[in-house]
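**Student:** Order-wise, the sequence lines are chains Z and R. Numbering follows this note's numbering, in which position 383 of the first sequence is assigned residue number 383; successive positions increment by one, without gaps. Numbering follows this note's numbering, in which position 6 of the second sequence is assigned residue number 6; successive positions increment by one, without gaps.
One thing to keep in mind: the hints can contain errors.
[Unchecked claim] Restraint-style ranges between C-beta atoms, simulated for each label pair: (1) Asn-143(R) to Asn-56(Z): 27 to 37 Å; (2) Ser-32(R) to Lys-174(Z): 42 to 52 Å; (3) Asp-246(Z) to Glu-100(R): 22 to 32 Å.
These are computed hints drawn from the structure, not numbers from a lab. C-beta: ideal position from N, C-alpha, C; glycine also.
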Amino acid sequence: MTYQNKFHNHNSPLQGAGAADHATLSGQFNKDEARVNWHDETLWWIRQKRDKAAHNIPEWEQLRETASQIKNNVLSNLSEYLAQFEDQVTMNGAIVHWAADAKEHNEIILSIIKQHNETRLVKSKSMLTEECHLNEHLKANGIEVIDTDLGERIVQLANEPPSHIVLPCIHWKKEEIGELFHQQLGTPEGNADPQFLTHAARLHLREKFLTRKIAITGVNFAIAETGEFVVCTNEGNADMGAHLADIHIACMGIEKIIPQRKHLGVFLRLLARSATGQPVTTYSSHFKKPRNHQKLHIVLVDNGRSKQLGREDFRNSLKCIRCAACFNTCPVYRRSGGHSYHTAIAGPIGSILAPNLDMKQYADLPFASTLCGSCSNVCPVKIDIHQQLYKWRQVLVQQGHAPVSKKIAMKGMAVTLSNPSLYKTAGKAGRWFVKHLSFITNNKLNPWYKQREMPEAPRQSFSEWYKRNKKGKPPAPKGE
Amino acid sequence: MSVSNNTQTSNAPLGDGGKNWANDGSRNAILSAIKNNQPQNSSLPVIENYPQPFTDVAEKYKTVLESIGGAVHEIKNYDEAINIINEQFKGAARIITVNETFASIAELYQSGKDAHLLEDVDVAIINAHFGIAENGSVWITENIIKERVLPFICQHLVVLLDKKNIVPTMHDAYNLIGDKDYGFATFIAGPSKTADIEQSLVLGAHGPKTMTVFLLHAE
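The following block holds chain Z by itself, in its conformation from the complex (with noise of 0.2 Å):
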């Protein structure tokens, strides 16, 4: 398959978001099963290898619960923490910005570019410009963005979003990115080899690190108490272009401050190790100062997050730190792949992220859940996120936003569950249309049967079987 033809069956899901919902953007994703199997070992890979970096720290459990503690502690004094920052941040020589929203966020970037009278930037990795759709918004307005991650530049290529917050290109393999760098940067037909692509690719962006005089970056963690923020990367391309250019403009959502330096030790302890098995990123770079004659911007942007302060439900959904884990873990992520959830940030917590910016849009995401518990067991922040899947469910139905399906579905149950003989005639029908008419139930209108068999229906049910042993009678006869 060559990259176009895979560009079209993946057709931009972020920009057709709610035209298609979670099982059918899966349905997608699950055609090519040879691609899911390997999508969902190598993610479970990565589990494995958390695990085995976790455990190598006998503190790993109270290193999450001081973790969670510290997050507790920023959410109930944000709106100080952040005065704070902006306080250091204009001592230390930056300009802070405030975005309500993702609107906001673009014009003030536009603004900052134009002023400069530039039209070309880097960018390195930010969950939150994607979030915000900066790239589309920037190249309306003619400025040209590079994509500096390795994965990301990839899918820039492409023209898709990632489908992972930690790995951008995870559902790609090898030979589709030779055919992508063949026909894009011109290197020789045929070679898909890592090494080789990483190298054309290495030559392809540094010359971009040179000539452009913006850098973005994202922000992992901004202290209040010297305004400093860290960067964490491996492949050092947010220091390329931060180091490198005149202007640079670092965006963060508000929820990324941490109190103090010292919890920066708590926090580079538990995000490699729970993202990608790593003791720590190659690069956690400290920016506080500009360089002589650099502008520095930073940017904090609410876009919600200052909503969902108020959800006491679904609060601690803002202690996240973007690591990936219950992506990694998650039987349904790995098996259908990110851009399934149509929304920047996928997986367990993008599902109950995104509703609270529009529950109509992602109602069907909560639902694309297990519910099995396994993403809050491997959060480094211990964020509750199965049970706030739960309560997400309850929320969108209660207002009306469940998926129609279930809403018919939902009704004929409650109907049957209340009314004991129509529960008992219902069970002992299905029961007979199981055995004898399987296909009524094993069909492709059955969005249960997919990638299922049927159980074989049992010959009575509980109630019967009861009703015979407590007369004593002996239960039916085997082949009945």
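The hints should help you fit chain R onto chain Z, whose structure is shown.
**Tutor:** Chain R alone, transformed into the frame defined by chain Z:
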């Protein structure tokens, strides 16, 4: 709108330290929404001093750094390091250093030049404040590397570290850092790397392809 660095436009003061910029409205609205919605105070935990399962911090440092693609040499004096560098980077066209001890084999970095001129550096030799055993990283601040981009833009990175200056964990690291001031500082743990193509590990993504640490223990 065309603005050079020092020009001010009608509503956009660009000078350093100019607090907020044309959008005070959103600032106050955001902060008051947060204040209204934030829960009751939850107190900060104490960060404990966790005992580590290893006792030899230098040995642990070495094992971890090698496991993430770095190389470690224990040396008794800088001459040993010079010999190894000469051997290992025989064909290097441009070796640059910020440490005068290495001026015989490398160009001594002059501050104040355009950072882009470092683009062709093959090997950079720098000092580190201290290393961290649990993750193989070293702590570097702007004042000891002179130019922020230096340890990232070079093809190979050589770091000098005193064997005495290795601490067990990141908590110890931040105890040492304390409230020291810097413009920029970073932990570097091994060569730059990526596994974005099918999870195949490749050393040398955008930064150095190798990282060599010399652990100095003078007799």
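**Student:** Now, for every hint given, state plainly whether the structure supports it.
**Tutor:** Results of checking the hints against the structure:
The supplied range of 27 to 37 Å is met by Asn-143(R) and Asn-56(Z), whose beta-carbon atoms lie about 34 Å from each other. Our hint of 42 to 52 Å for Ser-32(R) and Lys-174(Z) holds, since their Cβ atoms are close to 51 Å apart. Here the CB-CB span from Asp-246(Z) to Glu-100(R) is close to 31 Å, well matched to the stated 22 to 32 Å.
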